[in-house]
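Top line first, the protein sequences correspond to chains A and B.
Each residue of the first sequence is one higher than the one before, starting from 1 at the first, in the working numbering.
Each residue of the second sequence is one higher than the one before, starting from 1 at the first, in the working numbering.
Think of the hints as simulated: they come from the structure by calculation, not from any bench.
Just so you know, not all the hints are guaranteed correct.
Any copy will do: because identical chains look the same in the list, a pair fits if it lies in one copy or spans two.
[To be verified] Here are the simulated lysine to aspartate or glutamate pairs, EDC-like style, with alpha carbons at most 20 Å apart: (1) 88 / 138; (2) 132 / 337; (3) 11 / 342; (4) 177 / 43; (5) 132 / 267; (6) 247 / 236; (7) 239 / 176; (8) 88 / 73; (9) 314 / 250; (10) 355 / 337; (11) 11 / 333; (12) 182 / 250; (13) 311 / 337; (14) 311 / 368; (15) 129 / 103; (16) 240 / 103; (17) 314 / 368; (18) 314 / 139; (19) 375 / 139; (20) 129 / 250; (21) 314 / 342; (22) 239 / 337; (23) 247 / 220.
2 protein chains.
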Amino acid sequence: MSRTSLPATTKLGFLGAGQLARMSALQAFRFGIQIAVFSDRTENEPVQFMTPFSTSGSFDSVDDMVTFAKECDVVTLENEFISSEILKEVQEKSGTPIFPSPESFSLIENKLIEKQTFENAGIPVTPYKLVKSKEDLEDFGKEYGWPYLLKSSKGGYDGYGNETVRDLNSAAEAFDKLGGSKGHDILAEAFVDFTHELAVQVARNETGTVVYPCCETVQENHICVAVLSPAPVSDEIRKKAQDLAVKATEAIDAKGIFAFEFFLTTDGQVLLNESAPRPHNSGHYTIEGCITSQFENHVRSVLGLPLGSTKMNKPAVAMINLLGTHNRPAQTDHIADGFNQEDGHLHVYGKLDSKVGRKMAHYTLLGDDLNTTYKLAQKLTADIEI
Amino acid sequence: MSRTSLPATTKLGFLGAGQLARMSALQAFRFGIQIAVFSDRTENEPVQFMTPFSTSGSFDSVDDMVTFAKECDVVTLENEFISSEILKEVQEKSGTPIFPSPESFSLIENKLIEKQTFENAGIPVTPYKLVKSKEDLEDFGKEYGWPYLLKSSKGGYDGYGNETVRDLNSAAEAFDKLGGSKGHDILAEAFVDFTHELAVQVARNETGTVVYPCCETVQENHICVAVLSPAPVSDEIRKKAQDLAVKATEAIDAKGIFAFEFFLTTDGQVLLNESAPRPHNSGHYTIEGCITSQFENHVRSVLGLPLGSTKMNKPAVAMINLLGTHNRPAQTDHIADGFNQEDGHLHVYGKLDSKVGRKMAHYTLLGDDLNTTYKLAQKLTADIEI
């Protein structure tokens, strides 16, 4: 049943107190509803400066999360760190619905299951194999060539939990480091030659499905440094990625906002790389770039509201991730150029401590031509220290 | 000195915990800073669901507000209910700057001083007189004709504190009702024949001045029911209103966001009616309608940041105020049409109790043609109950 009424006391709970909860909360507030956050950290998270309803506890404790969920009307995710089994128990014991549902999440909660789910749905994925022994490591290298990637099946983001291995020795070492010898599932994944990394967000609920433009994520050292939308590839490729992303949400009966990352290979294939059952860094540009942001459609989708248009407001958008440049109490310096640019939008995440390389803020610039817009956005943010 | 750095611990304090604080706070959060609110109410205000830093006290108590201000880096206003003398004392004793400054505010803090300030600056205002006796009431009627308006000089909004008087008897009665016999300053103001009510927002600080498009406010029973931008009047008239609004901010050395309401008289004059040293209902359309919203420029201006572009994102914007239709715990019903419209944006204020006629929410629709957009916005919101 889609929702046609919003009581003022509606409370949306976030399991996780990171940036994505913070940015979705800003949208929830626009609908006049309240938000609550459940944090597994001891330090203050920025979203906790935005609500009096903040609880701390463990992502492994059903009881902690049941107490939290009982205070909420709907609970949603902002990371992938809780197991679907635990989510299911929290949902059952609290009586509060969780979206994306534990059932959907169980189909993508670790990299092995995720690959199998999407492969079974006919979505091309990067070649992979569950590796359990030195022999497996060697076989994979023989079949797909060196180097390749080892990934811990659970957890990991921004390149953490991934290791590039160049030969059997480094493979064995990385296998140990990722916990393979302790019984953790480790995936070998072939390197694919690609020209672009693409991403697509999809929001879906009982009222329908909306798909965002296919954008490019520009990566340096496995960290996304910029997002360009629409991706500078052919209409046909963008359409292909969008179609696959929608198909992927159908395969898991998704309700919520999801992000899908793809490789466009040198021979023109679009291969699904990773998925996320939540708003995603690749969709931050949608705040100003699209009529309805990924955060608004996050809130709409989990509340059962009709979904909003994903059309772009301008022909081109560049989003620059502003990574920490210092280890220090956070402050954003040299921001005037960014502020002085028409249709340039600075978002600072309010993290109290800056660390070199940590995602601290982003800057979105709207324009008419992608290349010009990207170059200008880079120039305007070049002096920012944070 | 304009600001070029934003520490993460920057805390912006709002004296007042109403909707305008709430909407400015949403923008402050985008810059990663923290907000605190000082409320003079006993009941929970929606903004208090958005921050753990909430204090209650009296707008007459310097001590209450000094304690609050000391916790903030900058304090700003969201209403006109505190006297400039008290604000000055709070600023001095706390050491925390208040913007708009007590000095600026002292020049507009009551309707009499406001009229004199702007008249002295050469800005045409509606004809008025301070009335102190039955004789004054009669004289004003003779000079400007009946009916005319009586206004209490201090306080009053949305038509409260105003009385239309048709003859000497009703004038004497209203004079008493508004506190004239208790020594409150009462202003008589001539009715002017007008074709449109216009409004202009201006943001100003040490980095410069930006002026928003001149919009029309559509009023019913002294309550604004809709705002149309740009106002459907000539370019020349809009320019005139904008110029007068900028001149008005200069006259009070404004730092912050200000709104100015004008009458366009049947004989083509643009007369300043009222001003507000804060975001204003007439500027809610700027959230989606302009590149930088009045709330963002509120935050930018009081923090000393460069101001953002006020250009419109689409040629036409209609904003419909959604007034309470029931006396009940607040909930917004029949919202699907509004959500289903591309570029229609629902904002609900999160007030816990709905009262008939109370401003509870608004709906903004962007389009290409003002008349079509206004009609469609009215249609899409016609069934909403709240």
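Outcome of the hint check:
Proximity of residue 88 to residue 138 under the C-alpha cut-off of 20 Å is found in neither arrangement, the shortest distances being 38 Å within a copy and 76 Å between copies. With identical chains, the CA atoms of residue 132 and residue 337 are never at most 20 Å apart, being 52 Å at best within one copy and 55 Å at best between copies. For a Cα distance limit of 20 Å, the shortest separation of residue 11 from residue 342 qualifies neither inside one copy, at 36 Å, nor across copies, at 26 Å. Proximity of residue 177 to residue 43 under the C-alpha cut-off of 20 Å is found in neither arrangement, the shortest distances being 27 Å within a copy and 55 Å between copies.
In this assembly of identical chains, the alpha carbons of residue 132 and residue 267 never lie at most 20 Å apart, being 31 Å within a copy and 87 Å across copies at closest. Within a single copy, residue 247 and residue 236 get their C-alpha atoms as close as 16 Å, which meets the 20 Å cut-off; across copies the closest is 54 Å, which misses it. In the homo-oligomer, the alpha carbons of residue 239 and residue 176 never lie at most 20 Å apart, since the shortest distance is 40 Å inside one protomer and 71 Å across protomers. Proximity of residue 88 and residue 73 under a CA criterion of 20 Å is satisfied intra-copy only: 16 Å inside one chain copy versus 45 Å between copies.
Proximity of residue 314 and residue 250 under a CA criterion of 20 Å is satisfied in neither setting, with 29 Å inside one chain copy and 35 Å between copies. With identical chains, the CA atoms of residue 355 and residue 337 are never at most 20 Å apart, being 23 Å at best within one copy and 46 Å at best between copies. Proximity of residue 11 to residue 333 under the C-alpha cut-off of 20 Å is restricted to the inter-copy arrangement: shortest distance 17 Å between copies versus 36 Å within a copy. Taking the closest pair of Cα atoms, residue 182 and residue 250 never come within 20 Å of each other, the shortest separation being 35 Å inside a single copy and 71 Å across copies.
In this assembly of identical chains, the alpha carbons of residue 311 and residue 337 lie at most 20 Å apart only when taken from different copies (18 Å versus 28 Å within one copy). Proximity of residue 311 to residue 368 under the C-alpha cut-off of 20 Å is found in both arrangements, the shortest distances being 15 Å within a copy and 16 Å between copies. For the homomeric pair residue 129 and residue 103, neither the shortest alpha-carbon distance inside one copy (24 Å) nor that between copies (71 Å) is at most 20 Å. When the C-alpha separation of residue 240 and residue 103 is checked against a cutoff of 20 Å, the pair qualifies neither within a copy, at 27 Å, nor between copies, at 61 Å.
Taking the closest pair of Cα atoms, residue 314 and residue 368 come within 20 Å of each other both inside a single copy (6 Å) and across two copies (15 Å). Taking the closest pair of Cα atoms, residue 314 and residue 139 never come within 20 Å of each other, the shortest separation being 49 Å inside a single copy and 59 Å across copies. For the identical chains of this complex, residue 375 and residue 139 are neighbours neither inside a copy (44 Å) nor across copies (68 Å), given an alpha-carbon limit of 20 Å. When the C-alpha separation of residue 129 and residue 250 is checked against a cutoff of 20 Å, the pair qualifies neither within a copy, at 24 Å, nor between copies, at 70 Å.
Proximity of residue 314 and residue 342 under a CA criterion of 20 Å is satisfied in both settings, with 13 Å inside one chain copy and 15 Å between copies. Taking the shortest alpha-carbon separations for residue 239 and residue 337, neither the intra-copy value of 36 Å nor the inter-copy value of 29 Å comes in at or below 20 Å. Taking identical chains as interchangeable, the C-alpha atoms of residue 247 and residue 220 are never at most 20 Å apart, the minima being 29 Å within one chain and 50 Å between chains.
Hints 1, 2, 3, 4, 5, 7, 9, 10, 12, 15, 16, 18, 19, 20, 22 and 23, counting from the list given before, are not met by this structure.
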